[in-house]
Structure formats: structure tokens, C-alpha cells
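Protein chains in written order, with the numbering used here: chain A, 3 to 296; chain B, -19 to 297.
There's no promise every hint is true.
Taking lysine-lysine pairs in the PhoX-like style, the calculated list, with each CA pair at most 25 Å apart, reads [what the hints assert, rightly or not]:
#1 Lys166(A) with Lys(-10)(B)
#2 Lys199(B) with Lys104(A)
#3 Lys282(A) with Lys295(A)
#4 Lys170(A) with Lys279(B)
#5 Lys145(A) with Lys279(B)
#6 Lys8(B) with Lys161(A)
To be clear, the hints were calculated from the coordinates, so they are not data collected in a lab.
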Amino acid sequence: MREVAWRLFASEYNDATLEMDGGGERAPSYVVTPLGAKVNRVFVVGVITDVENVGTDIQPMWRARVSDPTGTFRIYAGQYQPEAAATLSKLKPPVFGAIVGKSRVYSPEAGSVFTSIRPERIKAVDETVRDYWILEACRSLRKRLDTMVEALKMDSLTKEGLAKIGVKEAIADGIVQAVNHYGTVDLSRYTAMLAEGLRYLLPEYREPADPGEATPEPVSPAKEEAPSEPDETESKVLEIIATLDRDGKGAPWEGILEAAVSKSVAKDALEESINSLLDKGLIYEPILGRMKKI
Amino acid sequence: MVRVQNAYTKEYRGQVQVNFGVRTAVGKEAPDALPEFKSGPGQPYVGKPTPVRVVDLREGASNVAVTARILSVERREVEVDGNPKAVFSGVLADETGKTQFSAWKDFELKAEEVLRIEGAYVKSWRGIPQISFDERATITRLKSDLLPSANVLSASPRMWIEDLAERGGAADVTVRGILIDLREGSGLVYRCPECRRVLRKGACRLHGEVKGEPDLRVKAVLDDGSGAVTAVFDRELTEALLDKTLDACIAAAKEAMSTDIVRDELADVLVAQPIEVRGNVTSDDYGLMMIVESAKMLKVDVQAEAREMLEGLEGSA
Chain A
3 MREVAWRLFA SEYNDATLEM DGGGERAPSY VVTPLGAKVN RVFVVGVITD VENVGTDIQP
63 MWRARVSDPT GTFRIYAGQY QPEAAATLSK LKPPVFGAIV GKSRVYSPEA GSVFTSIRPE
123 RIKAVDETVR DYWILEACRS LRKRLDTMVE ALKMDSLTKE GLAKIGVKEA IADGIVQAVN
183 HYGTVDLSRY TAMLAEGLRY LLPEYREPAD PGEATPEPVS PAKEEAPSEP DETESKVLEI
243 IATLDRDGKG APWEGILEAA VSKSVAKDAL EESINSLLDK GLIYEPILGR MKKI
Chain B
-19 MVRVQNAYTK EYRGQVQVNF GVRTAVGKEA PDALPEFKSG PGQPYVGKPT PVRVVDLREG
41 ASNVAVTARI LSVERREVEV DGNPKAVFSG VLADETGKTQ FSAWKDFELK AEEVLRIEGA
101 YVKSWRGIPQ ISFDERATIT RLKSDLLPSA NVLSASPRMW IEDLAERGGA ADVTVRGILI
161 DLREGSGLVY RCPECRRVLR KGACRLHGEV KGEPDLRVKA VLDDGSGAVT AVFDRELTEA
221 LLDKTLDACI AAAKEAMSTD IVRDELADVL VAQPIEVRGN VTSDDYGLMM IVESAKMLKV
281 DVQAEAREML EGLEGSA
């Protein structure tokens, strides 16, 4: 049976630290998120940036970032994903892309876990497809949140108990594994993530009428361990973005780059800062190629 | 002949099973302790029939009771063990879904009537559960207003793929999802004039090298976030989705000197797009498959749905 393609936000996916072996030789492996999504395959749509061959010419390994309203997926396509690698190498980022791929986990040392996606198919898409994906990711997140709320109410959490309240077996397994591994999950973080995703789709939250006046309530996706304060370079970049955002539609990428170079921030450092600011939720991309301060 | 004590029973897919555990004792009995048991059809069921909704029909269930409206019925002559036999088959439905049925006795069934059928059994065809009943069944005619009209019941119910996977298939259902990938053999294909199989490298698996007849089709992976099916679109549907005729596709392939161009164009139009499809879902070892009867690309008002969900979220907070 083909594995379902999960729609989930980067921020939930990157929170995952549990890998599950299906057992047996050809059994699929899974990444289990704190909300219990047991992910073997994902379908994500976001802004593809930083496409780079980190391998060699003979053995290419294409790496890229895919940003959604909550964070960034890392994708890697090598010689065993020829079609995806070929598509990636030809893309002109930044571009909206739809990716179907397999979940991967990399743990260079005990305690540190990095999730990534090994793409099967990549396609350049338009904003409509991206917006619909955000909606689907929100629906899916909402369902997991609701189920987790019920699960955490139970005195003793078992798959059988979950089956009694109508949870399918495959889903129940993920929830039990997640609670055993992550303990009691802070659901408010994910409720905030859901609201953030939904607001991203709504123009009334995107562009404040007057930049000087009340801005939409910033949703704080802040993880406790990750400081959301910008560092020095990031502060510079934030300032540039604020200055260049003259018409309220966001600062254009070319302008940011130019201004950054003149303030002696190199292109690489700039890209890193922008990704980090996106991750911290301090800026967002209202339309492709434009950055805006929250 | 044995006596089993302290066994226990469990239900599996709507059927009762007797299980022997560690506390179960099994002892021999005299061979004549019970009368001879004759199995097979024609034997009366033991016990009361189990009421089941159409959506819950599962292969292998027997002695079930269903309350449903007959949507269509026709008489067919079939051969059973070399003898001609009349079977009355058609479609019946309740509020939860539709199913094919076969009546092996003439109950004088008529379209539109509402019945209670007690003592039916469930078989399946390629994963689609179907209900059968014979002279062991009791038919009770009920008032017509007990169920919605035939028109309402004929509608194709919308289902999640995870539920279809659990059932093994279903007749005439509607699924909404995203076409996340095209499978091998989508686009402009050439078929064997003898057996209609798609040719590989100009040759048929059975009939060798033949002059293929052009056809269009799509085999795509449709994923709704709960599961995946292979959705198969025929020429007519493919032409409509592409907004291009078969002849235009052949011309385009000739000019490009490759049929890949048709496949690429299909991928452009279909992949990553939300779609609603209606058809029969069957299953085999490779998973679920839908033969699509009708399809439409979905236009979703993302903002309206997002606003509604956000309001729900803020309301409950």
C-alpha cells in the first residue's frame, strides 16, 4: 500500500526528533512529530531558495530550502533521485515549488537530529497552489491538535483507547509513539502555528493599513530553547528591510542585497540571516521575492 | 467430536470468531454427541441477523440485516453448476452509501421500494463489498418515506481514502485530493488492436509486434492527505482535462518526435492541483484504484475557508 503524503508545516516537521524503523528489511521508516504525525512521505509547497550543488560534478547532490509560513524544509536530491535533481538544477529561485518526497533524519551525534526531505518529484507552481497547500496543512494540523487534546485527556493512553474514540490505527500508533517519546507536548505552540498559517492566507493580516499604526499581533512561534532575538547581522538586515519597504508591499530582494553589500554584509551571510529571520517569525514573504517586517 | 470449554469470542470484520486461550480446555466426545453437520448454502442461519448500514458492509459477513431502497434491478440468466438460474441484480442504497446486490430467488423486487432484508451475506468483487441473498433471507416491505428518495440516495457520497482503504473499495464514490504524481504509461499510448494492452516499445506482451492504435489516458496518484489511490482517466476525460483532442496530441508528438511532450503537458496541467473525482474504487495487492467516471479541477476559496477556521480557533480559545 502506498504511503500517504502528509501535509505539514516545516516548523512541526523540524521539531521531530523521533525516527521509527518499520522493522523488517523493506519496511518503510517514519519520522514521528510531537503531534504524532507518522511521516514517511510528505507533500510540501513553499518558496524554493538556496539551490546549490553540494556534491561534485560527477556525483551531484542538490540541496535547497523550501520556506512555508512557519519555517524552512531542507531538501536533498542526489543520484538516486535523478528526476528531482534535474528539476532542481534547472529551477530559477526564488520560485514556488511543490515537492513530494520521503522523510529523512540525520543525527550526526547523539542528541542532535536534523530532518530533511528526499524529493521524488518537484514542480514549479503558482501562488494559488501554495495558498491551497497552506490551507490543507492547516486542516491537517487542526486534526492532529484535536486528536492530541483528546489523547492527553486519557488516563492511560493506548491504541485501543484511541480506536474507541474513532482514531484510525495508523494515526493512533503515531500518537502513542509521540507521547511516549516527547512527553506532554506544549499544544499552545502548535495552536499558535495554526493561527499563523491561517493569518498568512488572509489579506487583512498581511498588510496593515498604515505601517505606523497598529500592526497585526505578531504570532510568536518562539521555541523556548531558540532565542528569537535577532543577532547583529540580522538586526542590520531587519533595518534594511524596514527602510526599503516603502509601499507597504515589502522590500524587494535586489534592493536588500544592494543595501546589504553596502553595509558590508556578504550575500551568503545575508541569505543566512533572512532564513533565520523567517524561521524566527520576524519577517515574512508577502509575495515572492519581497520581504516584510512583522 | 470435541468439547471446548472456556473459549472466548471476538468480533473481526463483523464476524464472530471463537478463540482458544491458555485457559481453554479441549476434550474428546463420543462421535454421535451431535447430529451430522451439513455446511454450505441452503443451511439456515443460526441466531438473529446483525443490522448493518451499507457503508459498514464487509466481505465475509453473513446473516446481516439491511434496510435499503432498491435503486435498480434487472433479471439475468446465469449458469450455476451447469444449470441455468435466474439472478436478480441491481443497486440498493441507504443514507450511508450504495451497493450492488444479487438476489438468488425471485422476491419480485421493484425499483424504488424500501425493504428490510434479513439474512443476507457479503461477498466482494475486487475489494468492493456486494450484498447477496437467497431463499434463506426474509424480505419485509417498508413504508417508502422511511428513507430519502431514490434521487437523493443515488448521489455519490464523498469519502476519505483512509475509509476506502479500510473497506477495500466502494461503488460510485467521490474523492477530493491532489494529483501528486503521474504514473508510468500516462499520456499518448499505443494499444494492441487485439487485446487493448498498452504496447511497450511497439510490442504487445501477448501478440508481439503489432500496429498500435493511439489512445490517451492518465494514471495518476491521487492523495487526499489520509491515503492514496491510483486514479485512471480514460481518453475522453484526458482530452477534457488537457483541452486537446487525441489527434492534436498525435500531431504534437510527431512534431516533437516524442510522446513525452504529451505526458509533460499533462504533468503541467494536473500535478499538484486539487481535483474532485467520482468513480468505482477497487483494490488489489498494489493498493486502491479508481476508474474515474467524472472529474473536475477544484477551485477553492482559500480565504473564506481560512477565515472560518481562524474564527473557530479564536472562538474556542
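So, going through the hints one by one against the coordinates:
Between the alpha carbons of lysine 166(A) and lysine -10(B) the distance comes to roughly 16 Å, so the proposed pair stays at or under 25 Å and holds. Proposed proximity of lysine 199(B) and lysine 104(A) is supported: the alpha carbons are some 21 Å apart, at most 25 Å. Our distance criterion of 25 Å between C-alpha atoms is met by lysine 282(A) and lysine 295(A), whose separation comes to about 11 Å. For the hint linking lysine 170(A) to lysine 279(B), the alpha-carbon distance of about 29 Å lies beyond 25 Å, and the restraint is violated.
With a C-alpha separation of about 23 Å, the suggested pair lysine 145(A) and lysine 279(B) falls inside the 25 Å cut-off, and the hint holds. At roughly 39 Å between alpha-carbon atoms, lysine 8(B) and lysine 161(A) are farther apart than 25 Å, so this suggested pair is violated.
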